[in-house]
Amino acid sequence: MEGSREPEVSELSSAEEALLDDGVASLATTSADSWASVEQRAWWQHINLRKIALFLVSLYLFVLAIALMKDGARGLAPLVRVLFSVNSPANALGFGWLSAYLIMSGSPIAAASLTFFDAGVIDKLGAFAMINGSRLGASFIVLFIGFLYVLRGRNRATSLSMGLLSLTVTALTHVPAFLLGLWLLSRGTLDAIQMRSGALLTSATDVTIEPVAQLVTGLLPLWAVFLVGLGLSMASFSLFDRCLPQATLKESQVGWMSRLVYRPWVMFLLGCLITTISMSVSISLSILVPLSARGFVRRENVIPYIMGANIMTFVDTLLAAVLLKNPEAFTVVLVVMVSVAFICLLVLALAYNRFQHGVLAFVERVTAKSRNLAIFMVGIFLAPILLMLV
Amino acid sequence: MKILLTTHGAPHDEVALAFGAHIARGANEPATVLCVVERASDRPQAGAALKRACELLRGAEVHTKIRMGQACREIINEAEQGKYDLVIVGERPDPNLLVRFLSGSDTIRVVEHAPCPVIVAKRKTGPIVRILVCDSGAQGRLAELGPIVPERPEAVPSLLARFTAQLADLLHGEEEVTVLHVMSQISAAPGVKDKQLRAEAKELIEEHSPEGELLERDVHVLEQPGVHVWPKIRHGLVIDEILAEAQAGRYDLVVIGAHRGAGWQRILLDDIAHKILVQMDRPVLVVR
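Protein chains in written order, with my numbering: chain A, 267 to 656; chain B, 5 to 292.
Simulated from the structure, these hints should not be mistaken for laboratory data.
Just so you know, not all the hints are guaranteed correct.
Claimed, not checked - Label pairs and their calculated CB-CB ranges:
#1 B:His239 with A:Leu535: 50 to 56 Å
#2 A:Leu611 with B:Gly51: 21 to 27 Å
#3 A:Ile641 with B:Ala14: 52 to 58 Å
#4 B:Gly13 with A:Thr455: 57 to 63 Å
Claimed, not checked - Chain B regions said to be covered by chain A (calculated; three or more residues, Cβ under 8 Å):
#5 183-190
#6 235-243
All C-beta atoms, glycine included, are put in the ideal place defined by N, C-alpha and C.
Build out the structure end to end from the sequences listed, making use of the hints.
The structure is reproduced here in structure tokens:
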């Protein structure tokens, strides 16, 4: 469940609208008020039954969605193979990338790629490439929202900085990680590491999911079953976002916390940790915001944080692989995570300073002139189309 | 102000002594020059180094001292036992690469462990006229600060408060002081009010933004007859902008706060002061 799901977009938009309407409205202030009220209650009073129920519903919908997409994936084989000609890793990369643009979300596309692989529509390398593509597409969404603000007359640099940073860091780490992952997969280096769903999980899904899945499969054509599954996965991510606790930090409450943000390794691990819990890059980023309040984040902290978040955002795809009961699918997701993690760690250990300066300079250059921005926007739309045509 | 200078007769010590002479001459107490030797047989060299130090500090009242042991540890011990207000050291590279890699140079260790403010003198040896004070505001909690009380700087728990409370003698009424705050923030999401992310110091002060309030308080705390104080905002990466401003403004002294704690904080919290000390090409005063 990564940062660019549709529900997250709407959440971001509402936060933005609040900031637009209230002037200097501060997320931190809100969090401080709620924090103060939370402190006065006993621990059991913190338990929010509504959120627990939402979590269970979102989990059920996610598992059902995977089951439906698995059943329906075969129905889309002609579409994927013939119409979109997804026959190579490059095609699959472009396909995943464009699909994430289309539904404004990456996680459902990553899950879909596994169901295509499970149904034999695409091969292992194709699934791997499509997952990578979904992440590249997902990181575009914050930029897209920023672009809408620019069209509404807001400052170009401040509206687009975060989106550009997210997209640039993702592209710069995922492209080399993609090549590394292809090599790892072709050599079968991580094939030995596989995970199957346990007997308890299997029997639980057989009882709760299979009857519903069979009912839907009996009523609808396979391609429609897949689309229903895709829709349900998006709905489940939306519900999951709503049941997350309002985790916020405030500089004045945790003075030393603001200094954590200058340490790239600490921010990288924090990005990993928070995204493992939230399973969303943009929710992770929104937790950072109150550290410097007023909707700002520090240049120093955001890049390693995005790196960490980009790795752990695949946790839900890993869960999807387990639910598919396909050990090879699990290996594919693991290779994505390992290869992205390896590249990020390499950058952090050896060239972080240059990387940081390079990325920030690039973002500044893109936002400096309308022409540069136009070239960049055309480029990120053309790149996946060209990959699909290869 | 009680000042401790150190020497071992090395070229970097001469830079520190020449720079420190300007401060020592204006101090109301004698300065102490310390030479640390590892063995008793090194005492003659220490004597020569101290003699040279006295020449460089001509015009100031000077006491000399020799201690035996490890240089960094003895400087810190002397600073603690002598209750000095300021230690001035040269940029003393440790000849052992492994030690430098693991724990930094002797100078860095003195800065980290000294009980008082430390000036690391480098390259420049002239008088202090232009001062750059870099205030992150992290030392104080702006929301908790009361009204500005220039007569009670301790009421403002910031870098500036410590600077003025501990080192008022550094200012003789002829200095030009720039108070710098670096805004390294960018908008966290599209649509966030962005005017302040591009604003200059004057605009931020007029808007009463947190950064503006910080600068306004700093200016009030530092203002005294003859001392000209300017607030300044730069936008970008903190270390880059401080280094750039120091060079562009041709400052004689850069003042920063010491952040680093002990234990887990040493590992988890970044030490911007350390990075600035290493990269800065002019004298740096680390206030604690």
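Checking against the hints above, which ones are violated? When the structure is compared with the hints, numbers 1, 2 turn out to be violated.
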